[in-house]
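Q: Okay, here's what each chain looks like letter by letter:
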Amino acid sequence: MMTGAQALVAALKKQNVNTIFGYPGVAICSFYDELSTSGIRHILVRQEQNSGHAASGYARITGRPAVCVATSGPGAVNLITALATAYMDSIPLIAITGQVSTDLLGRDVFQEADITGAAEPFTKYSYLVKNPAEIPRIIDEAFYIAESGRPGPVLIDLPIDIQTAEFDPAAAQVARHLPGYRPTTKGHPGQIKRVVAAIAEAKRPLVCIGGGVIAANAQTELQTFCETAGLPAVATMMGIGAMPTAHVNYFGMLGTHGKPYANYAVKQADLLIIIGARVGDRAVSAPHSLEGHAKIVHIDIDPAEIGKNLGTTIPLVGDAKTVLAQLTEAGAQANCGEWMDDLDDQRRLFRPDFDHRHDGSINPKVFLRSVSMSMEDDSILVCDVGQNQSWAAGNVLMRGGKFLTSGGMGTMGYSIPAAIGAKLADPGRQVVAVCGDGSFQMSMCELATAVQHHVPIKIIVINNHSLGMVLEHQDLCYKGNRYAVELGSSPDITALAAACGLQAQRIAKADQCAEAIDRLLEADGPALLECVISPEETTP
Amino acid sequence: MKRTISVLVENKAGVLSRVSGLFARRGFNINSLAVGETEDPAISRMTIVSEGDEHTIEQVEKQLNKMIDTLKIKLLEDGSSTRRELILIKVEADTSTRGEVIDIARVFGAKVVDISATTLTVEHSDRPERIDLLVDLLRPYRIQEIARTGTVALEKGCGTIGYKNK
Ligand SMILES: Cc1ncc(C[n+]2csc(CCOP(=O)(O)OP(=O)(O)O)c2C)c(N)n1
Chain L
1 MMTGAQALVA ALKKQNVNTI FGYPGVAICS FYDELSTSGI RHILVRQEQN
51 SGHAASGYAR ITGRPAVCVA TSGPGAVNLI TALATAYMDS IPLIAITGQV
101 STDLLGRDVF QEADITGAAE PFTKYSYLVK NPAEIPRIID EAFYIAESGR
151 PGPVLIDLPI DIQTAEFDPA AAQVARHLPG YRPTTKGHPG QIKRVVAAIA
201 EAKRPLVCIG GGVIAANAQT ELQTFCETAG LPAVATMMGI GAMPTAHVNY
251 FGMLGTHGKP YANYAVKQAD LLIIIGARVG DRAVSAPHSL EGHAKIVHID
301 IDPAEIGKNL GTTIPLVGDA KTVLAQLTEA GAQANCGEWM DDLDDQRRLF
351 RPDFDHRHDG SINPKVFLRS VSMSMEDDSI LVCDVGQNQS WAAGNVLMRG
401 GKFLTSGGMG TMGYSIPAAI GAKLADPGRQ VVAVCGDGSF QMSMCELATA
451 VQHHVPIKII VINNHSLGMV LEHQDLCYKG NRYAVELGSS PDITALAAAC
501 GLQAQRIAKA DQCAEAIDRL LEADGPALLE CVISPEETTP
Chain X
1 MKRTISVLVE NKAGVLSRVS GLFARRGFNI NSLAVGETED PAISRMTIVS
51 EGDEHTIEQV EKQLNKMIDT LKIKLLEDGS STRRELILIK VEADTSTRGE
101 VIDIARVFGA KVVDISATTL TVEHSDRPER IDLLVDLLRP YRIQEIARTG
151 TVALEKGCGT IGYKNK
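For the record, the sequence lines run as chains L and X.
Residue 421 in our numbering sits at position 421 of the first sequence; the count goes up by one each step and never skips.
Residue 55 in our numbering sits at position 55 of the second sequence; the count goes up by one each step and never skips.
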C-alpha cells in the first residue's frame, strides 16, 4: 500500500523534480513528511507569493515546469498573485496546495479556501484531488499541460485526507486522459508559403519578437531567420534578449517605454510579422490603427491570441522554434535595403540620455548599462517593476543571456524571488536582480531565504526614496500632485541587507559606480548594492 | 447577431463553472446555455446561444476551444440546424378565459399539462422564436410563472459535430 503523499513525491521524482519552493502548514504536512526523506531540495521562502515567483524564475531558466507549494487557506490564497503573474507571461508552474479534508469541503472550516475556484482565471488548468489513486495520472497530466502548447500554471489542490489515505499502487491511474487537449506545433505549409510571399512583396517588413520566442527557446532560429531573410526586428519587453541588443537587424523594444526608432518602425511598416506576442496595450497602444496600413502576420502557438487584439492578414498557428525554421527553410527573403537604411538612420539619430548629472549623482540609465556590460555574456538579469524596469529594459546590453521580468502583470516584488529561482536553476550563471526601493520592500523578506539556502544572487536597489513610476505619472497626468508615493528614509536598505547576512554597500555618486559594481559581482555569497538616485530622474 | 454554439465537453465536475466563468471574465454574452449528457456518459453537450459581432463570436469559439475539457466545438447555422426550446407557462385562466387559452395552445401544437380553478399550465417545445411568440400571445391572460430551458440544437441531415471517443 502507498499513501497519497508518497504517490505525489514519487510522481514528482518521475518528472525529475529536484527543487521545490514552498511554505508548509498543517494541511500539507503529510506531503512535507514524505518530502523530508525524498532527496528533493525544498527552498523555504518567507511568503507563498514568492514561492511562485521563485518557481517562475527557475522554470524560465530550465524550460521545464517548476513546483511551488503552499498550505490551505491563506497559504494558497497568497499564491494567487504569483499564479496570475506566471499566467500572463505563459510560465509553466505546478502549484500544489494543501486543502482541508474532503469530508469538510464546502463547510467554511478553519483555513478552507476554494483555491481552484479562486485561481481559475489565472491557471491553465486545475485539479481538486478526490482519490489518491489519481495522483500519478494527475501529476503527469499537470506537467504535460503546463509545459506543452502555450505554457502556463497548473494547480493541484490536495486535501489532507487524500495525502494520508492509502491505496494499492496496482490500482493507480497512470494513463494520461486529455482527449480535448491537442496543441499544434507545426505551422501549416500553405500559411508558411503565404508568409514567404508576403515577405518578398513587402517594402517595409518588420519582425516583432515576443516572449513566445524565448519560451520556445527559438533564439537561434530567430536570428537565423532575420539574418538570412534580411529582416529588421523589434521586441516587446518579454522578447528582450532574444536578439543581442547590438545586432544590426535589431531595433530595440517597442511600446510605451520603448525606443522611438522601434515605434517608428512599427508605425511605418507595411508588413508586421508578430511572433509569440500578445499585442498587449503596453506594446501597441492602438493595435487597430495598424490594420489599415500594414499586413499582419501573427505567429502564435495559442490560436486564441491570433486576432484577439489585432486583425490578422495571415494567421499562423505553431511553435515559434518550428515555424521560424520552416520559414527559413522555405527561403523567406526580404527586399528592403532602403527600409533597413532608413531604420538605421533613425537608430543612429537617437540620442539616449547618458548625460552626467551636474551634482555628480548617478544617472540610472548609465549605471544599468555599466552593470550589464560588467556582467558575463550568458548572465541572467531579473528586473522588477517601475522606472527601474524601464531603465533596465531600455539600457541593458544583452549578449546571449536572459532578461526576466513580470511583463504582462507588472507585479512588484518579482525580481528577488525570481532571481533566487533562476540562480538555483543554473548555479553556474551570474544572476542579478534590479529593483526599486518600493519593489524591494515588497519582497525583502526573501533576503533571508537567499542567505539561508546559500543562493549567491546579486541585488541592485535603485533607491529614489519613492514609487518613482507612479510619482512620474502623477507629475504628468495629475498636475504634479505627488501623493502617497514618498517612501521616506526607512528602512536603511544597506543596513537591513547586512543584518540579513548579505554583503551590502551603498553608493550615491557617479564616480563610485565602477568599483561598486565590480565588488558586487565579485562577492562570494548573496550581495546587495544600494544605488541612491534623485527622485527627479525620469523614465525617458 | 445571435449564434448557436454546440460544444462537447468532458462530463466532469467544474466544467460548467469554467465555461460560465470564461464568458463572464471576457465579457461575452450568454443568451442561453443548456447542458446534458450525450450518448456517451463521459461526454456532455453544451448548447450556448451567444450574441456578438463576427470578431467576438470568433473569440468565443477560440477561447472555448482552448479549454482543456473541450472536446469539440461547432457553430450551428440557423438554416441548417434543428433548434428547440422547451417552455412551461402557468397562465391565469378561469371559466371565462380557459377556452381562449386552450385555443392558442392548440394553434401552436402545445399541450395543456395541468389545470386548476384559476390557472392552466401549458407545455410546449418549439423553435425559440415560436416560443417567444407563444409567450407574447399568452401575456394578456396574465402569466404567473415561466420555466424555459435554453436552446438545444443539432445539425440537420446526416452531419454531426464530428467527435468520437476512442
Ligand atoms: C504589486 C503592485 N502594486 C502596485 C503596482 C503599481 N506600481 C507600478 S510601478 C510602481 C512604483 C514602483 O516603485 P519602485 O519599486 O520604488 O520603483 P521605481 O519606479 O521608483 O523605479 C507601482 C506602485 C504594481 N505594479 N504592482
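Among the hints, a few may not be true.
[What the hints assert, rightly or not] Computed beta-carbon distance windows for the label pairs: (1) D114(X) <-> H288(L): 15 to 25 Å; (2) T37(L) <-> G14(X): 51 to 61 Å; (3) A197(L) <-> K12(X): 41 to 51 Å; (4) K12(X) <-> E227(L): 30 to 40 Å.
[Said to hold, decoys possible] Chain X regions said to be covered by chain L (calculated; three or more residues, Cβ under 8 Å): (5) 9-20; (6) 50-60.
In short, the hints are calculated from the structure, not lab data.
All C-beta atoms, glycine included, are put in the ideal place defined by N, C-alpha and C.
Q: If a hint holds in the structure, say so; if it does not, say that too.
A: We went through each hint and held it up to the structure:
D114(X) and H288(L) have their C-beta atoms about 55 Å apart, which leaves the hinted 15 to 25 Å range violated. Restraint check, T37(L) to G14(X): a C-beta distance of roughly 34 Å breaks the suggested window 51 to 61 Å. A C-beta distance of roughly 45 Å is found between A197(L) and K12(X), which places it inside the suggested range of 41 to 51 Å. A C-beta distance of roughly 49 Å is found between K12(X) and E227(L), which places it outside the suggested range of 30 to 40 Å.
Closer than 8 Å: that is the beta-carbon criterion, and the region 9-20 of chain X has 6 residues meeting it against chain L, so the requirement of 3 holds. Counting residues of the region 50-60 of chain X whose CB falls under 8 Å from any CB of chain L gives 3; the rule of at least 3 is met.
Violated hints for the displayed structure, listed by number in ascending order: 1, 2 and 4.
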